[in-house]
Structure formats: structure tokens, C-alpha cells
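S.K.: Sequence:
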Amino acid sequence: MPESSTAMRLGLDVGGTNLRLGVFSDLTLLEETRFQANYSAICKQNSPEQAWQNILQVTATAIQTMLDKHPEIQSIGIGFPGFINPETGVLAQSPNLPGLLNVNLGRDLSQLLGRKVLVVNDGNAAAYGEYCSLEQPAGGLLYAGLGTGIGGGLVANGKVWAGVHGYALELGHLIVEHDGPECGCGNRGCVEQYASATAIGKNYARQTGKQLSAHEVSTLATQGDKQAQSVFAVAGEKLAQAVALTLNIVDVENVVIGGGVVSSWSLMEGSFTNRLQHDLIPVLRDKVNIHLSASGDNAGILGAALLADN
Numbered sequence: 001m002p003e004s005s006t007a008m009r010l011g012l013d014v015g016g017t018n019l020r021l022g023v024f025s026d027l028t029l030l031e032e033t034r035f036q037a038n039y040s041a042i043c044k045q046n047s048p049e050q051a052w053q054n055i056l057q058v059t060a061t062a063i064q065t066m067l068d069k070h071p072e073i074q075s076i077g078i079g080f081p082g083f084i085n086p087e088t089g090v091l092a093q094s095p096n097l098p099g100l101l102n103v104n105l106g107r108d109l110s111q112l113l114g115r116k117v118l119v120v121n122d123g124n125a126a127a128y129g130e131y132c133s134l135e136q137p138a139g140g141l142l143y144a145g146l147g148t149g150i151g152g153g154l155v156a157n158g159k160v161w162a163g164v165h166g167y168a169l170e171l172g173h174l175i176v177e178h179d180g181p182e183c184g185c186g187n188r189g190c191v192e193q194y195a196s197a198t199a200i201g202k203n204y205a206r207q208t209g210k211q212l213s214a215h216e217v218s219t220l221a222t223q224g225d226k227q228a229q230s231v232f233a234v235a236g237e238k239l240a241q242a243v244a245l246t247l248n249i250v251d252v253e254n255v256v257i258g259g260g261v262v263s264s265w266s267l268m269e270g271s272f273t274n275r276l277q278h279d280l281i282p283v284l285r286d287k288v289n290i291h292l293s294a295s296g297d298n299a300g301i302l303g304a305a306l307l308a309d310n
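Quick note: the sequence shown uses my numbering, first residue 1, plus one each step.
FYI, nobody ran anything at the bench for these hints, they're computed from the structure. Incorrect hints may have been included.
[Unchecked claim] Derived Cβ-Cβ restraints for the label pairs, each shown as a range: (1) GLN111 to ILE290: 30 to 36 Å; (2) LYS116 to ARG34: 21 to 27 Å; (3) ASP26 to ASP68: 30 to 36 Å.
[To be verified] Below, a list of computed lysine-lysine pairs in the DSSO-like style, where the Cα atoms sit at most 27 Å apart: (4) LYS69 to LYS44; (5) LYS210 to LYS44; (6) LYS202 to LYS226; (7) LYS44 to LYS202; (8) LYS69 to LYS116; (9) LYS159 to LYS287; (10) LYS159 to LYS226.
All residues carry an ideal CB built from backbone N, CA and C; glycine is no exception.
With these hints in hand, go ahead and build the complete structure from the sequences.
M.R.: So this is what it looks like as C-alpha cells:
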């Protein structure tokens, strides 16, 4: 973690529909704001070039608004969904923002703003934010963020491990069902097609014909709707498959589950716990600590802000 100081940092978390910005002094959130940016709609309704220009303009305007209010901000970090090379900053692809291929958000925003901007994978940013929120626990940390998609990240020995190309720990794109639903990454049967907020709405619609949000499906499940309960039970089981596969390789002690879907964790916990215990190699069973997000949904903006200093 960067050395403690009174430096002010700006962190952004980019989602499919929302943009969050937070101003931090060390781990303290001084100000947080949200915009309904609709990045997904921008990508779907425009050519790739026009979509990119629109995304740059929306993001730069939001950042400049915060810089005008807090000119003492010294660093800017962004967590962005997609496959980002940590050496070049190039976004190769964003499965949930179709059409964005081989673009460089950090470079282009830096040119627009006249300030250095660091862009990292949103799962990595959230993983680092959770790690710092938990006061840097020993034993490493695996993060799974259940939002529009599913992000993942790994912190080991105090550092985010992004892999050689920057595409490591894409937890949401582990295949948990052979020939399952098609995923935005190009494969089929990824865990993102079962345990993300988008998938929960889609899978309920497949069963009932009713188009509802994940929150609405959750409400029905708590009221006793068996089909809604089944969707969440499957989500918990599939997520556990992906987490167990990862733990069997990386062997870390802590798993943090965050994102918007975590508010419905009680509907997933039973199937998740049973499948996790079943799929972990026996020597790892009962040696992993499962945490729900300790950051109050601020992990992404906190991690992005702190990583911008690294």
C-alpha cells in the first residue's frame, strides 16, 4: 500500500450504467458522487469510434468536475471493466461494453485533462481496495465482484497480481457449464452467465418469461417465489465452482465477495457453501475465510485511487 500521507487522490469505478467517483485522503472517503453514464447504451447505439469519443467525453467531464472542486488532488486512478495490459494501458476488449477494442483510456484521458491518469482492471482495483479495507490481511486475498458482470482480483504479498498480459484472475470468465449460455467474452457457460446481476435477471426470464431486475428477483425470492429462489441457488453454486477452481490453484486464505448482488447473499450462501466445500481439495477445506465486502461498496474507487500512487 502507498505510504501514508495527506495526499488527496481521486478514484473512479466504471460500470456498465454507472460511474462512481471518490476523493480520498489515505483510506478516508472525503466525497463520493455518482453519474448515470450508461456506457453500455453508448456502446450499443454508436459506432465503435463514436462510442469511444462519447465515453472519453463523459469520463473527462466527470473527472474535471471533481478537479475543479478539489484542485489539490494529486493522482487519478480508474477501475475499468475489461482486459487491460498493465504495461501499455491498452484495453484489448471489454465483454460488457461491446465494440471497445485496443483502446487506451489512460493515455487519451491524460491528453484531454493534462493530468496523468492510471487505468486498471476494475476487479484488480476492487481487490486492492478490499485488501486495504481489511487492514492488509496475511495469507492473500481473492476478490469476486458480482455486478453487471463478475470481476475478480488477487492480492498476494501486498501486491495485485495481474499476470503477464494483465488478464489474470478473470474469475467471471471461468467456464462452469459446458455449452452454457453465450458470454460477452466469446465463450459459453462462464460463471458470469449465472451469478452476475445481469444473469440473474435473464435466467429468471428464461424460466418465467418475466423481465425483471436482479433486485426484483431477489424480492420475489424472499417472498417465497420458488423459481426466483432457484435462480439464486444456481448462482451460488456456480460462483462456488469458480471460486474453488481458483483457490485450488492460488491457495490464498481470504475470499471477499462484493458488488451489488451481495445484498442477496442470504439467498446464495447455502448453495455456495455446500459446493465450495465439495469442490475444494480436501486439504483446503475449512482453511478459507469467506468475507462479504468490508468497504461499503467503496472498494473499486478506493483501490483505483490507491493504485494510482504505485
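S.K.: For each hint, tell me whether it holds in the structure or not.
M.R.: Going through the hints against the structure:
no.	hint	verdict
1	GLN111 to ILE290: 30 to 36 Å	violated, 43 Å
2	LYS116 to ARG34: 21 to 27 Å	holds, 24 Å
3	ASP26 to ASP68: 30 to 36 Å	violated, 23 Å
4	LYS69 to LYS44	violated, 32 Å
5	LYS210 to LYS44	holds, 23 Å
6	LYS202 to LYS226	holds, 16 Å
7	LYS44 to LYS202	holds, 18 Å
8	LYS69 to LYS116	holds, 18 Å
9	LYS159 to LYS287	holds, 22 Å
10	LYS159 to LYS226	violated, 43 Å
Going down the numbered hints, you'll see the structure goes against 1, 3, 4, 10, while the others check out.
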